[in-house]
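Position chain B relative to chain A; hints supplied.
Chains as they are written, first to last, in this note's numbering: chain A, 1 to 166; chain B, 167 to 678.
By construction, these hints were calculated from the structure, which means they are not laboratory data. Take these hints with a grain of salt, some might be off.
Subject to a maximum C-alpha distance of 30 angstroms in a straight line, what follows is the list of computed DSSO-like cross-link-like pairs (lysine-lysine) [stated by the list, open to error]:
{"hint": "1", "chain 1": "B", "residue 1": "K303", "chain 2": "A", "residue 2": "K59"}
{"hint": "2", "chain 1": "B", "residue 1": "K240", "chain 2": "A", "residue 2": "K59"}
{"hint": "3", "chain 1": "B", "residue 1": "K388", "chain 2": "A", "residue 2": "K5"}
{"hint": "4", "chain 1": "A", "residue 1": "K59", "chain 2": "B", "residue 2": "K231"}
{"hint": "5", "chain 1": "B", "residue 1": "K285", "chain 2": "A", "residue 2": "K5"}
{"hint": "6", "chain 1": "B", "residue 1": "K407", "chain 2": "A", "residue 2": "K5"}
{"hint": "7", "chain 1": "B", "residue 1": "K285", "chain 2": "A", "residue 2": "K76"}
{"hint": "8", "chain 1": "B", "residue 1": "K394", "chain 2": "A", "residue 2": "K66"}
{"hint": "9", "chain 1": "A", "residue 1": "K66", "chain 2": "B", "residue 2": "K619"}
{"hint": "10", "chain 1": "A", "residue 1": "K5", "chain 2": "B", "residue 2": "K391"}
{"hint": "11", "chain 1": "A", "residue 1": "K76", "chain 2": "B", "residue 2": "K391"}
{"hint": "12", "chain 1": "B", "residue 1": "K303", "chain 2": "A", "residue 2": "K76"}
{"hint": "13", "chain 1": "A", "residue 1": "K70", "chain 2": "B", "residue 2": "K303"}
{"hint": "14", "chain 1": "A", "residue 1": "K70", "chain 2": "B", "residue 2": "K285"}
{"hint": "15", "chain 1": "A", "residue 1": "K66", "chain 2": "B", "residue 2": "K407"}
{"hint": "16", "chain 1": "A", "residue 1": "K70", "chain 2": "B", "residue 2": "K273"}
{"hint": "17", "chain 1": "B", "residue 1": "K240", "chain 2": "A", "residue 2": "K70"}
{"hint": "18", "chain 1": "A", "residue 1": "K164", "chain 2": "B", "residue 2": "K281"}
{"hint": "19", "chain 1": "A", "residue 1": "K76", "chain 2": "B", "residue 2": "K388"}
{"hint": "20", "chain 1": "A", "residue 1": "K66", "chain 2": "B", "residue 2": "K292"}
{"hint": "21", "chain 1": "B", "residue 1": "K388", "chain 2": "A", "residue 2": "K59"}
{"hint": "22", "chain 1": "B", "residue 1": "K388", "chain 2": "A", "residue 2": "K66"}
{"hint": "23", "chain 1": "B", "residue 1": "K289", "chain 2": "A", "residue 2": "K76"}
{"hint": "24", "chain 1": "A", "residue 1": "K59", "chain 2": "B", "residue 2": "K296"}
{"hint": "25", "chain 1": "A", "residue 1": "K55", "chain 2": "B", "residue 2": "K619"}
{"hint": "26", "chain 1": "B", "residue 1": "K407", "chain 2": "A", "residue 2": "K76"}
{"hint": "27", "chain 1": "B", "residue 1": "K281", "chain 2": "A", "residue 2": "K76"}
{"hint": "28", "chain 1": "B", "residue 1": "K391", "chain 2": "A", "residue 2": "K59"}
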Amino acid sequence: MDENKTHVISALVLHKPGVLQRVAGLFTRRGFNIETITVGPSENEGLARMTIISKGDEKVLEQITKQLNKLIDVIKVRDLEPGITVKRELCLIKVHTVTEKARSEVIQYTNIFRGRVVDVSPETLTVEITGDPEKIEALIDLVSVFGIKEIARTGPTAITRGTKTI
Amino acid sequence: MCIGTSGPGATNLITGIATAYMDSSPILAIAGQVSSHLIGNDAFQEVDTIGITMPITKHNYQPMKADEIPGMIKSAFYIAGTGRPGPVVLDLPKDVQEEEFEFESAKDMELPGYKPTLKGHPKQLKRAAKLIQESKKPVILAGGGIILSGATEELLQFANVINAPVSTSLMGKGSFPEDNPLSLGMLGMHGRKVSNFIVDECDCLIAIGCRFSDRTTGLLSKFAKNAKILHIDVDPAEIGKNVDVDVPIVGDAKTVLGDLINVFDPKPELKQEWLNYVKDFKNSCIPRLSFNEVPLKPQQVIKELSEAITDDTIVTTDVGQNQMWMAHYFDVNNPRKFISSGGLGTMGFGFPAAIGAKIAKPNNDVIAVCGDGGFLMVCQDLATIKEYDIPVIIVVLDNRHLGMVAQWQKLFYDERMSQTHLGESPDFVKLAESFGVKAERIKKPGEMKEAIKRAIKSGEPYLLDVIIDPNENLPMVPPGCGITEIVGEYKVEREYPDEIVVKASAKENGGD
Numbered sequence: 001m002d003e004n005k006t007h008v009i010s011a012l013v014l015h016k017p018g019v020l021q022r023v024a025g026l027f028t029r030r031g032f033n034i035e036t037i038t039v040g041p042s043e044n045e046g047l048a049r050m051t052i053i054s055k056g057d058e059k060v061l062e063q064i065t066k067q068l069n070k071l072i073d074v075i076k077v078r079d080l081e082p083g084i085t086v087k088r089e090l091c092l093i094k095v096h097t098v099t100e101k102a103r104s105e106v107i108q109y110t111n112i113f114r115g116r117v118v119d120v121s122p123e124t125l126t127v128e129i130t131g132d133p134e135k136i137e138a139l140i141d142l143v144s145v146f147g148i149k150e151i152a153r154t155g156p157t158a159i160t161r162g163t164k165t166i
Numbered sequence: 167m168c169i170g171t172s173g174p175g176a177t178n179l180i181t182g183i184a185t186a187y188m189d190s191s192p193i194l195a196i197a198g199q200v201s202s203h204l205i206g207n208d209a210f211q212e213v214d215t216i217g218i219t220m221p222i223t224k225h226n227y228q229p230m231k232a233d234e235i236p237g238m239i240k241s242a243f244y245i246a247g248t249g250r251p252g253p254v255v256l257d258l259p260k261d262v263q264e265e266e267f268e269f270e271s272a273k274d275m276e277l278p279g280y281k282p283t284l285k286g287h288p289k290q291l292k293r294a295a296k297l298i299q300e301s302k303k304p305v306i307l308a309g310g311g312i313i314l315s316g317a318t319e320e321l322l323q324f325a326n327v328i329n330a331p332v333s334t335s336l337m338g339k340g341s342f343p344e345d346n347p348l349s350l351g352m353l354g355m356h357g358r359k360v361s362n363f364i365v366d367e368c369d370c371l372i373a374i375g376c377r378f379s380d381r382t383t384g385l386l387s388k389f390a391k392n393a394k395i396l397h398i399d400v401d402p403a404e405i406g407k408n409v410d411v412d413v414p415i416v417g418d419a420k421t422v423l424g425d426l427i428n429v430f431d432p433k434p435e436l437k438q439e440w441l442n443y444v445k446d447f448k449n450s451c452i453p454r455l456s457f458n459e460v461p462l463k464p465q466q467v468i469k470e471l472s473e474a475i476t477d478d479t480i481v482t483t484d485v486g487q488n489q490m491w492m493a494h495y496f497d498v499n500n501p502r503k504f505i506s507s508g509g510l511g512t513m514g515f516g517f518p519a520a521i522g523a524k525i526a527k528p529n530n531d532v533i534a535v536c537g538d539g540g541f542l543m544v545c546q547d548l549a550t551i552k553e554y555d556i557p558v559i560i561v562v563l564d565n566r567h568l569g570m571v572a573q574w575q576k577l578f579y580d581e582r583m584s585q586t587h588l589g590e591s592p593d594f595v596k597l598a599e600s601f602g603v604k605a606e607r608i609k610k611p612g613e614m615k616e617a618i619k620r621a622i623k624s625g626e627p628y629l630l631d632v633i634i635d636p637n638e639n640l641p642m643v644p645p646g647c648g649i650t651e652i653v654g655e656y657k658v659e660r661e662y663p664d665e666i667v668v669k670a671s672a673k674e675n676g677g678d
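Isolated chain B (complex conformation):
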């Protein structure tokens, strides 16, 4: 839940609401509005909140009388939290806010046009089971829907029943334990090599609660081209939107997976040959994390971070290289422990998301991993964590660049670097200290692990300014390419780096 005042207050909520819409987060945003008799007059701090939020909400309401409010709030929470979750906006005129009325318990909701399908169709479940039985090389693609539906247990069970490796989208990180031998890690533009190649090779892709975003699939015509595709999603509009589907199942992930497990008779046979192949492939390209260089490599920073925290630690990320380094190199084993802005890619997300997480889960340690650019967009909230004593730890991966855009300029735009160097200011340690927040600067390998432990132990808000190598690029699939066309050096945990040649098409296409 969040509240903003009218006009600029409401427009300041917009980016957050759009972020929630893209990532299916259930939120209720209440915006103030000018008095009902002034609406339409271009009154002071008036804005058409209903019109503006229509395309970025699941629904929105504007009560014109106070007695409409209880029913609307009840419906708003119901709509936001059920089916495919999403944001709902309540636009509340000032005179309606101040009006008094007799409250009787909120009436029954009247939502004749809203009936999410939760249970998969039995015939489709049988077809799905048959498809999986007949496949030789099945792979599961788990999305954020697994986490939203609370289906992680069912997913683990399902993967074990059908013996299929599991790849995830960015939002699906945490839906399947990444320390499990069946885990492939994240798929897509910045996905793990094993994930991208195994999905490319599979003959049956079981996608659950994911929407096949362009960042996940790469060029659609080259995506999983040998695979029959089974798509389970609670939102029927996602099925067949981007990828043509062989067996669609509309339903809630938890319910459908629970039912699907029971449909198999006999149990699917063990595809040992495929599993061995996947295992060998995975072992051949485990991403390298250990680096001794100064300036620090982000991989080394992430390795030390991982060593200093537990499975209960909630990690949020900002958007850009910091996010993709974390998504690529940082293993997440539990749901709702990795929080990131996926669809909208909202810079400035990481730090406030960490504040929210800490308030919701005060007993869990919360760490925001940000870039320097994104953190600067929201650094005024250092005052919030100090004033309200919210002990989140901020890790600023400081390379003095808007790294992701800089990487694209280097790779696809002939190194014409434009507006991506941030210059020398600010000094993040002094910035934090000016708010009364403790801060340290990290420069060398080995320092990060100890600093994180100190920060957790302090029980106070804490900032770590980690100076990293501005020249470290992420391995990536250029836009307009298939997901196996990774460019850049894929450093593996071995003696020899696994070089993959740069595809000419990437440079020619530029990208979006």
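The shape of chain A in the complex, shown without the other chains:
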């Protein structure tokens, strides 16, 4: 068994104050790991969807799922298997681009990665990229030679492929 397998946990929760604290607090108290967590409104009014990326073995994952289910404000929890899951993250990268060469190279890379330039200043370019976390890592690697001033990432959000819902 892979000790440190990454799991994508999708949870449907009541959209009200304190729910994020309940979930985050549970992870801290039980010693579960949170890599990233994203929250936003869902298709149902009054319900929000959380996507939590966590590392651990099967036993830990089982406990995470069961303990989350015990929270009164949590409606549904599911571990999304990689094969049937679309996982996307948004990342904003502010790159140091003082020379013409740097600027044109960053724009080229951004285009190859299907990103967009969203802001320009005399010394920087800010690019937006969405995709798999691995794809984002690759672009960050490429543009890091120019000097990265700031990165803001949302952490992945995820949904199942096909007609199935959680």
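Only chain B this time, still in chain A's reference frame:
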């Protein structure tokens, strides 16, 4: 139900709420809060009650408008009392308390995320029955869940159907009559020898409403290592948390046991060989209770206590040696007659718990068995029992030590005694009398039984200061050891004491 004011009032409720959370007691705690417009300003007596109680409650609520209160109270009671019971907190801002609104009957509860599973899955019940049928040496481990679900009748019936001996956790004490030949007594760190050894030897362990706490199992890798494990619990998160389970059944103990009894076809055969073995083992290590020494041995005190009371008497304990002596040596035959703080081990629990029990059950005699240390933490409630005339009997097992910690210091920390001797004060008899509570001091064998009878007959609050031997240790399983690795002398009701050698690993490990 309990109520505290804001700030320190709320924080004073915390230990009680955490105690209830660990032992699955259904309570609703209402805490005051500063007015809603002041929340977040660090106002006078403001504390983040919702944040603080989040990890120690089943749920908590903070109404911001008075018309939210009825629905929240209704949901709070429902959540606290159903499924696996537990505490719920209502944090009530002052302006919301004072607000007026038109009350229409409380609306239907909206709890889409809360649906406890009560009925066991039929397929799992069949698998469980098969496992039990095929076993040669089955044992039942009954936890507090049996008592909470009101399943004692079903447990007795079940044990008789499958002919299995019954061991209990601390919280399970009272779930099965301990005078029944099938009873093994408590399991675990301070468990009865027969219970620990028979569970170690069984080939099928049927755990019901118990959560396999470390105090119950000892070292997990050595726990019931030859057994297939069947776990019945209403809380799915308890199944597989500590012990790997062969057949899990999520459901309420009463419902599942009731159904399980009917699944067997044909009835399980009588495992006479196993039962004879268990019976002989049990008879070889009946704990010794009779001692003539002065200072008194706690075993003798408990023996006299048992002789002076009935099966209807409710006994509460504090936490520490007093609790484990009671758990080990005191037989309980009925549910809800032995009340103790298990999971959190909250010293100071015994006396106020007795007050609560007496108010809830005024027709039952109620006795709090405390240590001197724990009782001192809550002795101001002598005023409560006097002022409100609540006739509970307090037994202080007085050895002038925080005995349990002292025992660990002796056994595992080279007798480096630190902060465990309480000194000579107070005089518990005078202390009680200063509140106007009658009190007696007990020093010799034979005095306890008569004193308890006098105290019950008086119908008044009463304290007995029982001077016991500070050097009497409990037999115990050191932390990090399997449950058969009992250290200390296990005194049996026979001529020869059954010596078990001290395991070296215990001393090396120290413990927690």
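Structure-based check of all given hints:
1. K303(B) with K59(A): holds, 29 angstroms
2. K240(B) with K59(A): Outside the cut-off at roughly 36 angstroms; violated.
3. K388(B) with K5(A): Holds, at roughly 28 angstroms.
4. K59(A) with K231(B): At roughly 42 angstroms apart (the allowed maximum being 30 angstroms), K231(B) and K59(A) break the hint.
5. K285(B) with K5(A): It is violated: about 34 angstroms lies between the C-alpha atoms, which goes past 30 angstroms.
6. K407(B) with K5(A): Distance ~19 angstroms between K407(B) and K5(A) Cα, so the pair holds.
7. K285(B) with K76(A): Holds, because 20 angstroms separates the two Cα atoms, which is no more than 30 angstroms.
8. K394(B) with K66(A): Given that 30 angstroms is the threshold and the Cα spacing comes to 23 angstroms, the pair holds.
9. K66(A) with K619(B): Outside the cut-off at roughly 50 angstroms; violated.
10. K5(A) with K391(B): holds, 29 angstroms
11. K76(A) with K391(B): violated, 35 angstroms
12. K303(B) with K76(A): Not OK: K303(B) and K76(A) at ~40 angstroms, beyond 30 angstroms, violated.
13. K70(A) with K303(B): Judged against 30 angstroms, a Cα distance of about 35 angstroms means the pair is violated.
14. K70(A) with K285(B): Roughly 17 angstroms separates the two Cα atoms, so the pair holds.
15. K66(A) with K407(B): Cα-Cα ~10 angstroms, so holds.
16. K70(A) with K273(B): holds, 24 angstroms
17. K240(B) with K70(A): Holds, because 19 angstroms separates the two Cα atoms, which is no more than 30 angstroms.
18. K164(A) with K281(B): With Cα atoms ~23 angstroms apart, K164(A) and K281(B) stay inside 30 angstroms; holds.
19. K76(A) with K388(B): Measuring from Cα to Cα gives roughly 36 angstroms; hence the hint is violated.
20. K66(A) with K292(B): holds, 24 angstroms
21. K388(B) with K59(A): Answer holds: K388(B) to K59(A) is near 19 angstroms, not above 30 angstroms.
22. K388(B) with K66(A): Between K388(B) and K66(A) the Cα gap is close to 26 angstroms, so the pair holds against 30 angstroms.
23. K289(B) with K76(A): Satisfied, since the Cα-Cα distance of roughly 24 angstroms is no more than 30 angstroms.
24. K59(A) with K296(B): holds, 26 angstroms
25. K55(A) with K619(B): This hinted pair is violated, its Cα atoms lying about 61 angstroms apart.
26. K407(B) with K76(A): Holds, because 20 angstroms separates the two Cα atoms, which is no more than 30 angstroms.
27. K281(B) with K76(A): holds, 11 angstroms
28. K391(B) with K59(A): holds, 19 angstroms
In this structure, the hints that do not hold are numbers 2, 4, 5, 9, 11, 12, 13, 19, 25, in rising order.
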